[in-house]
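2 protein chains.
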Amino acid sequence: MRIAELSRRTGVPIPTIKYYTREGLVPPGERTGPNQARYDETHVRRLKLARALVEVGGLSIASAREVLTLMSGPGLSTLETLGKAQYALTPRKERTEDETWRRAAAEVDAIVSERGWQVRESNPARGTLIDALATLRRLGHDDFFEILGPYAEAAERLAADEVKLLMRRGDLEGVLEGLVVWTALGETVLASLRLLAEEAEATRVFGAF
Amino acid sequence: MRIAELSRRTGVPIPTIKYYTREGLVPPGERTGPNQARYDETHVRRLKLARALVEVGGLSIASAREVLTLMSGPGLSTLETLGKAQYALTPRKERTEDETWRRAAAEVDAIVSERGWQVRESNPARGTLIDALATLRRLGHDDFFEILGPYAEAAERLAADEVKLLMRRGDLEGVLEGLVVWTALGETVLASLRLLAEEAEATRVFGAF
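Chains A and B are the protein sequences, given in the same order. For the first sequence, the working numbering assigns the number 1 to the initial residue and increments by one for each residue that follows. For the second sequence, the working numbering assigns the number 1 to the initial residue and increments by one for each residue that follows.
For reference, chain A alone in the conformation it holds in the complex (with noise of 0.2 Å):
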């Protein structure tokens, strides 16, 4: 097809198209003319996976590159790849690593050994979520710290939820593929809702909001 067709198919808007094409999120068309194109089927799926992961996931640009890469390389299959892209879903950062830090480090190991998760110190969500805690330390939220438990056994709960539910589709491709996006989009679905039930709770509890 040709891309007036890719882009209604897609619904992505051909500057869109063209710009991630540059960006190397979507693999470039099949050569048909000096100015023309021929675009397929692998184009509209790997077209409406980047606009899903930049637009809704919120992943930047080069971490969107990063997943879809890994997603179609030829290591596809193994599950080394998969922990790759679910890496490069996470931003990375400058840190400073002070006495809270620290400190916030040592609860973070110990609600992992607790809970008994396997998880690599590279992960770079463990950084993330110290960085979080020693800010809400810094800030005076020491009351936080008491949600964590609670915060940790929903993760926990969900996570082994999800990985059942993707275990039925059967197809090795699927599975992976699954995990990829619902990890990205889930991630939103999870904030949204949360957002949702404090204004309810806010409103339950002080009767107006």
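In case anyone wonders, no lab produced these hints; they're calculated from the structure. Be aware that a few hints might be false.
The list treats identical chains as interchangeable, and a pair is accepted whether it falls inside one copy or across any two copies.
Straight-line distance between alpha carbons at most 20 Å, and here's what the computed EDC-like set of lysine to aspartate or glutamate pairs gives [as the list claims (entries may be wrong)]:
# : residue 1 : residue 2
1 : Lys48     : Glu99
2 : Lys18     : Glu30
3 : Lys48     : Asp142
4 : Lys164    : Glu153
Computed from a prediction, not measured in an experiment: that's the story for all the values here.
Here the structure of chain A is known, so what remains is to put chain B in place on it, guided by the hints.
Only chain B this time, still in chain A's reference frame:
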């Protein structure tokens, strides 16, 4: 105190302090000379909050300004202000409300009414949630919808735990600041814990990750 001490006390570099001041996230210091200004404890507090929202909570400068202005405004004691601050935490987007989107919207409304949540239709988290669900449908991940119930249940329980814990603070100012800060940073905490739990669960089920 002078800007150098403000920087030392908060750990925020001087150029960042100047940037936040120019962008209205932090009020300017009291002028004491052509190139000097004096800062006090309110600046220390406000600067820490600004950095927490932007660097850890991931808010845009515009959203952080809106939240901080609402938090420090004369109406802080009214709960409506809190609602506005919470709404400012969610980025608003242009969207296409096609058939898939409307179907997802109906599903979100069903969840909200089943759980008995009192939520304004103008809460921007509602739109973000519908966007994410519509995207999952467009990508063919219909099975994700089976996990929505557990997600909503977890969100409700965590929101209830948070509000209960915050109410122990006693002072209204503390409760309100807590609601805003916990909403912003708690999202990062929950998302990171979920990523760690997913790695742990995948490792448990697949044997390696």
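Do the hints match the structure? See the list:
1. In the homo-oligomer, the alpha carbons of Lys48 and Glu99 lie at most 20 Å apart only across protomers (17 Å), although the nearest pairing inside one protomer, at 44 Å, exceeds that limit.
2. Taking the shortest Cα distances, Lys18 and Glu30 sit within 20 Å of each other inside one copy (14 Å), while across copies they are farther apart (50 Å).
3. Proximity of Lys48 to Asp142 under the C-alpha cut-off of 20 Å is restricted to the inter-copy arrangement: shortest distance 15 Å between copies versus 42 Å within a copy.
4. For a Cα distance limit of 20 Å, the shortest separation of Lys164 from Glu153 qualifies both inside one copy, at 17 Å, and across copies, at 18 Å.
The structure fails none of the hints (numbered hints given earlier).
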